[in-house]
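**Student:** Residue strings, one per chain:
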Amino acid sequence: DGGITQSPKYLFRKEGQNVTLSCEQNLNHDAMYWYRQDPGQGLRLIYYSQIVNDFQKGDIAEGYSVSREKKESFPLTVTSAQKNPTAFYLCASSMTQGGNSPLHFGNGTRLTVT
Amino acid sequence: QKEVEQNSGPLSVPEGAIASLNCTYSDRGSQSFFWYRQYSGKSPELIMFIYSNGDKEDGRFTAQLNKASQYVSLLIRDSQPSDSATYLCAVNQVQGAQKLVFGQGTRLTINP
Chain A
9 DGGITQSPKY LFRKEGQNVT LSCEQNLNHD AMYWYRQDPG QGLRLIYYSQ IVNDFQKGDI
69 AEGYSVSREK KESFPLTVTS AQKNPTAFYL CASSMTQGGN SPLHFGNGTR LTVT
Chain B
46 QKEVEQNSGP LSVPEGAIAS LNCTYSDRGS QSFFWYRQYS GKSPELIMFI YSNGDKEDGR
106 FTAQLNKASQ YVSLLIRDSQ PSDSATYLCA VNQVQGAQKL VFGQGTRLTI NP
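From first to last, the protein sequence lines stand for chains A and B.
So the number in our numbering is just where the residue sits in the first sequence, counting from 1, plus 8.
So the number in our numbering is just where the residue sits in the second sequence, counting from 1, plus 45.
Any given hint might turn out to be false.
[Stated by the list, open to error] DSSO-like cross-link-like pairs, simulated, lysine-lysine; straight-line CA separation at most 30 Å:
no., chain 1, residue 1, chain 2, residue 2
1, A, LYS65, B, LYS87
2, B, LYS87, A, LYS78
3, B, LYS101, A, LYS65
I should point out that these hints are in silico values taken from the structure, not numbers from a laboratory.
Bear in mind that the values here come from a model prediction, so they are computed numbers and not experimental data.
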């Protein structure tokens, strides 16, 4: 079955440590995205990538970094520079067809930093 | 003014009734509109998308778009307790590089 796999489901880290969230898709989608969701709020775009080896900052990129070395993979690193990293992180993908194709989401990673 | 606005609710509807969820957006250039359903602790799942003015029906769901008034709505007919969730409105504001802007979501509760 095609889909998007995020791992791990839950992640706990100490303040000051970098942490990398995994996202893999087998939908053959060109575009991939990372969103952050805080309790009771909508989704905010962190980074997105349209093709391999290229990515753009979203609305809240500070304190995050990404790579896109393979079409299937788009890992997100939450660095120690991110002031408030505890959140629900969602990876998504879409076919790039004039910007009208819907997003498909992974199951999310819930990150807690103490 | 927020780019995409939804009433956060909670919206309470009796089982079997019609639930009406509304969303307004600020960018007149917006072209694509999506409704996602999100159960507590889960990721969003696509319910419907609409690109043209008017109504689009899919089973118990109807999406309505009015670009002149800059609003999009979702109607759920014959509401079921399983429809209880948060509904997110998303608007695509960038042609080519799809950048969805999400509303904060409306929490819907269907009362048996």
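**Student:** It remains to establish, for every hint, whether it holds in the given structure.
**Tutor:** To see whether the hints hold, each was checked on the structure:
1. A:LYS65 with B:LYS87: 25 Å, holds
2. B:LYS87 with A:LYS78: 27 Å, holds
3. B:LYS101 with A:LYS65: Judged against 30 Å, a Cα distance of about 33 Å means the pair is violated.
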